[in-house]
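Each chain is listed here by its residues.
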Amino acid sequence: MTAAIEVENLRCEFRVHTGLMSAEKRVVAVDDVTFSVPAGSVLGIVGESGCGKSTLARLILGLLKPTGGSVLVDGKRLFDLDRKARARLIQPVFQDPFASLNPRRRIKDIVALPLAAQGTFSRGEIERRVGGILERVGLSAAMGERMPAQLSGGQRQRAAIARALVLEPRIVICDEPTSALDVSVQAQILNLLADLRRDLGLTYLFISHNLAVVEHVASEVAVMYLGRFVERNETDALFRKPRHPYTQALLESVLTPEPGKGVPDIGLGDAMPDPSNIPPGCRFNPRCRIAVERCRHEAPKPMVRPPRGMVECHLA
Amino acid sequence: MSALLDVEELQVTFGRTAAVRGASFRVERGETHCLVGESGCGKSVTALAVMNLLARGGQRSAKKMSFAGTDLTSLSDREMARLRGNRMAMIFQEPMTSLNPAFTIGSQMAEVMTRHKGGSRAAALDRAAELMGRVGITAPGMRLGQFPHQLSGGLRQRVMIAMALMCDPELLIADEPTTALDVTVQAQILRLLAGLKRELGLSILLITHDLGIVARVADHVSVMYAGEVVERAPTADLFRAPQHPYTRGLLSCVPVPGRVQRDRPLGSIPGVVPAIGPGFAGCAFRSRCAHADETCTRAIPRHQAGDAHDYLCRLEPDWAELQPA
Numbered sequence: 009m010t011a012a013i014e015v016e017n018l019r020c021e022f023r024v025h026t027g028l029m030s031a032e033k034r035v036v037a038v039d040d041v042t043f044s045v046p047a048g049s050v051l052g053i054v055g056e057s058g059c060g061k062s063t064l065a066r067l068i069l070g071l072l073k074p075t076g077g078s079v080l081v082d083g084k085r086l087f088d089l090d091r092k093a094r095a096r097l098i099q100p101v102f103q104d105p106f107a108s109l110n111p112r113r114r115i116k117d118i119v120a121l122p123l124a125a126q127g128t129f130s131r132g133e134i135e136r137r138v139g140g141i142l143e144r145v146g147l148s149a150a151m152g153e154r155m156p157a158q159l160s161g162g163q164r165q166r167a168a169i170a171r172a173l174v175l176e177p178r179i180v181i182c183d184e185p186t187s188a189l190d191v192s193v194q195a196q197i198l199n200l201l202a203d204l205r206r207d208l209g210l211t212y213l214f215i216s217h218n219l220a221v222v223e224h225v226a227s228e229v230a231v232m233y234l235g236r237f238v239e240r241n242e243t244d245a246l247f248r249k250p251r252h253p254y255t256q257a258l259l260e261s262v263l264t265p266e267p268g269k270g271v272p273d274i275g276l277g278d279a280m281p282d283p284s285n286i287p288p289g290c291r292f293n294p295r296c297r298i299a300v301e302r303c304r305h306e307a308p309k310p311m312v313r314p315p316r317g318m319v320e321c322h323l324a
Numbered sequence: 009m010s011a012l013l014d015v016e017e018l019q020v021t022f023g024r025t026a027a028v029r030g031a032s033f034r035v036e037r038g039e040t041h042c043l044v045g046e047s048g049c050g051k052s053v054t055a056l057a058v059m060n061l062l063a064r065g066g067q068r069s070a071k072k073m074s075f076a077g078t079d080l081t082s083l084s085d086r087e088m089a090r091l092r093g094n095r096m097a098m099i100f101q102e103p104m105t106s107l108n109p110a111f112t113i114g115s116q117m118a119e120v121m122t123r124h125k126g127g128s129r130a131a132a133l134d135r136a137a138e139l140m141g142r143v144g145i146t147a148p149g150m151r152l153g154q155f156p157h158q159l160s161g162g163l164r165q166r167v168m169i170a171m172a173l174m175c176d177p178e179l180l181i182a183d184e185p186t187t188a189l190d191v192t193v194q195a196q197i198l199r200l201l202a203g204l205k206r207e208l209g210l211s212i213l214l215i216t217h218d219l220g221i222v223a224r225v226a227d228h229v230s231v232m233y234a235g236e237v238v239e240r241a242p243t244a245d246l247f248r249a250p251q252h253p254y255t256r257g258l259l260s261c262v263p264v265p266g267r268v269q270r271d272r273p274l275g276s277i278p279g280v281v282p283a284i285g286p287g288f289a290g291c292a293f294r295s296r297c298a299h300a301d302e303t304c305t306r307a308i309p310r311h312q313a314g315d316a317h318d319y320l321c322r323l324e325p326d327w328a329e330l331q332p333a
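The listed protein sequences derive, respectively, from chains A and B.
Residue 9 is where the first sequence starts when you use our numbering, and the numbers rise one by one after that.
Residue 9 is where the second sequence starts when you use our numbering, and the numbers rise one by one after that.
Just chain A, same shape as in the assembly (with noise of 0.2 Å):
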């Protein structure tokens, strides 16, 4: 299987003024994250706020410049290609269709600004486009006339999804995309995302917090723990056998509609991550229930898991 999507060593560190007299500290939010994702598959990325997954998503996405690093579409390096190609491969849907949809232009207007900012479709060629991938997300003509505010949450993110698709683009970077939705629409929405993956050989990039979700809709699965990929493997695997300490809490957190189960004690305790002071050795070490001497001062190396995934342990 050709990889679609293929990220080297990335990286990405802010500068930040905490304040007058202070200095300024560097935090790194994607540190040296490498994973390659094969055509038409799902690669799920999970972990807390944070954690990075957000800034991952907009440096391949081409919205954040690296500090090091590559990512390659298709074969091409990405930050090689202007802003038009790049969004002929690759497309976002964000979690907040209120926030990512211009309130005060119709929606078929909003699905058509890819395809005009291209600059090389006729209007005939634009309105038969829009039509139909408005058609394909569940969205009659005559709500292409409504302005957002007049749609609800779940035909909101229709419309987003309707716009990073219209460029039929080979990649599309999901980033909590039904998170603001009620649950009966969330599922509408992922069985949508779905249907559209297998029938246009879609390759997702899907970013949620939300671990059931993520189960459902991943073929292979990320955790992500400041900055770095500390788990990866496929979907069945990880939640059969997660290996890391953190991924195991992860995964007992979730609390599934079992009653009877009570509220699990996933022993984290109350130390937060502060990507602004990454502790030395395992950066996961303060909160790790079974940490031991080595991990807290040698960071651990990624090791290869079976069936295709690595995890990043002393202990594992």
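What the hints contain is simulated information worked out from the structure, not anything from laboratory work.
From a predicted model like this one, the values you see are computed outputs, not experimental measurements.
Positions of the beta carbon are idealized from the N, C-alpha and C atoms, including for glycine.
Some clues are possibly wrong.
With the C-beta cut set under 10 Å, the calculated list includes, among others, these residues of chain A facing chain B [what the hints assert, rightly or not]:
#, residue
1, 30
2, 31
3, 32
4, 35
5, 36
6, 39
7, 151
8, 152
9, 193
10, 218
11, 224
12, 263
13, 265
14, 268
15, 272
Here are the simulated distance ranges between beta carbons [as the list claims (entries may be wrong)]:
#, chain 1, residue 1, chain 2, residue 2, range
16, B, 128, A, 249, 52 to 62 Å
17, B, 130, A, 268, 43 to 53 Å
18, B, 202, A, 57, 40 to 50 Å
19, B, 30, A, 57, 36 to 46 Å
20, B, 285, A, 78, 54 to 64 Å
21, A, 87, B, 158, 35 to 45 Å
To be clear about the criterion: a stretch of chain A counts as covered by chain B if any three or more of its residues have a C-beta under 8 Å from a C-beta of chain B, and this derived list gives those stretches [said to hold, decoys possible]:
#, stretch
22, 73-86
23, 196-210
Using the hints, position chain B against chain A.
Below, chain B alone, put in the same frame as chain A:
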């Protein structure tokens, strides 16, 4: 023994919009009662109506709304203010917006106590420090002097919980208390609430959209749809034998790790919640329901499906067993 909070036929309107249409539920002493439903179903408005905190223009009426034997509808604003934050306390989804950014944690917590119970500020700060320890905040002395922005989301929600406990309330109303938090922190906060219920005998009215949370923490559940309680049941019964088509649809929408097969579509409920104007009659779910017929436009009976388990639908109990899903 009578219920701690007993609400019957609660109606809330904002102008011509009916937000709550005859909701009835009871929170027993020492139990966690969940109000569950999707956005716009009226679950938050129900809680605000109980606290008499409705936004301007909101009108409430109820056949009965009693708290520990006191009729809440007959209380003056001043009497209600004496109850709120004292015997019944509330915490919200976004702890950043419910804390005042300009005052220290300590002064905000102490005010609750001095306002309701009197006493010195020093005594109130001692109580605040003690409760912060109780809700799992390390180094409470230092935290009391800090401002809300210096705390993480999880810590802020712990502060809100500690503040709600300052006057030893009998009822804690928690409106989506963990929705803004990470899953790991959510588990910690829900464990904390469960512990408080057990050890302090606290009754909790928990409002959530998350059926996973309901399953894990609730004793009783009320499912809300379009301003009505469409199904009420003990938690185990609701998940084992849900009766209302909406409840069943909602449960099928939730992906369960290890149970739902990948590449298979999730269940979903077609359509959207209808607008409920004046004069609306019958079942509000009928436009999205696969089992609707012409009788659904008329008054809907409340069927009994078991002990403390009832639902609002024309279908007889255990209808689902009689026909394929």
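Outcome of the hint check:
Taking 10 Å as the C-beta cut-off, the interface hint given for residue 30(A) is violated, the closest approach to chain B being about 15 Å. Because the beta carbon of residue 31(A) sits about 19 Å from the nearest beta carbon in chain B, more than 10 Å, this interface hint is broken. A distance limit of 10 Å between C-beta atoms decides the matter here; for residue 32(A) the minimum to chain B is near 20 Å, and the interface restraint is violated. At its closest, the beta carbon of residue 35(A) sits 16 Å from a beta carbon of chain B; the interface hint therefore is violated under the 10 Å criterion.
Interface restraint check: residue 36(A) against chain B, minimum CB-CB distance 19 Å, threshold 10 Å, status violated. About 20 Å separates the beta-carbon of residue 39(A) from the nearest beta-carbon of chain B, more than 10 Å, and the hint is not met. Hint on residue 151(A) is violated. Least Cβ distance to chain B is approximately 12 Å, over the 10 Å limit. The closest approach between the C-beta of residue 152(A) and any C-beta of chain B is roughly 18 Å, which is over the 10 Å cut-off, so the hint fails.
Because the closest C-beta pair between residue 193(A) and chain B is about 8 Å apart, less than 10 Å, the hint holds. Annotation: residue 218(A) was flagged as interfacial toward chain B, and the flag holds, the nearest CB pair being 8 Å apart, inside 10 Å. Annotation: residue 224(A) was flagged as interfacial toward chain B, and the flag holds, the nearest CB pair being 4 Å apart, inside 10 Å. The criterion of a C-beta within 10 Å of any C-beta in chain B is met by residue 263(A), whose closest approach is roughly 3 Å, and the hint holds.
For the restraint placing residue 265(A) at the interface with chain B, the shortest Cβ-Cβ distance is roughly 4 Å, inside the 10 Å limit, so the hint holds. The interface hint given for residue 268(A) is met, as the beta carbon of that residue sits about 6 Å from the closest beta carbon of chain B, less than 10 Å. Here the hint on residue 272(A) is kept, as its CB sits about 6 Å from the closest CB of chain B, short of 10 Å. The beta-carbon spacing between residue 128(B) and residue 249(A), approximately 57 Å, falls within the hinted interval of 52 to 62 Å.
Between residue 130(B) and residue 268(A) the beta carbon distance is about 45 Å. The supplied range of 43 to 53 Å therefore holds. Hint check: residue 202(B) to residue 57(A), Cβ distance near 24 Å, so the stated range 40 to 50 Å is violated. In this structure the hint that residue 30(B) and residue 57(A) lie 36 to 46 Å apart at CB holds, the actual value being about 39 Å. Judged by the Cβ atoms, the range 54 to 64 Å given for residue 285(B) and residue 78(A) holds: they are separated by roughly 58 Å.
For the hinted restraint 35 to 45 Å between residue 87(A) and residue 158(B), the CB-CB distance of approximately 38 Å keeps it satisfied. Taking a C-beta to C-beta cut-off of 8 Å, the stretch 73-86 of chain A contributes 0 residues in contact with chain B, too few for the three needed, and the coverage statement is violated. Chain B is given as covering the stretch 196-210 of chain A, and this holds because 4 residues of the stretch bring a CB closer than 8 Å to a CB of that chain, at least three being needed.
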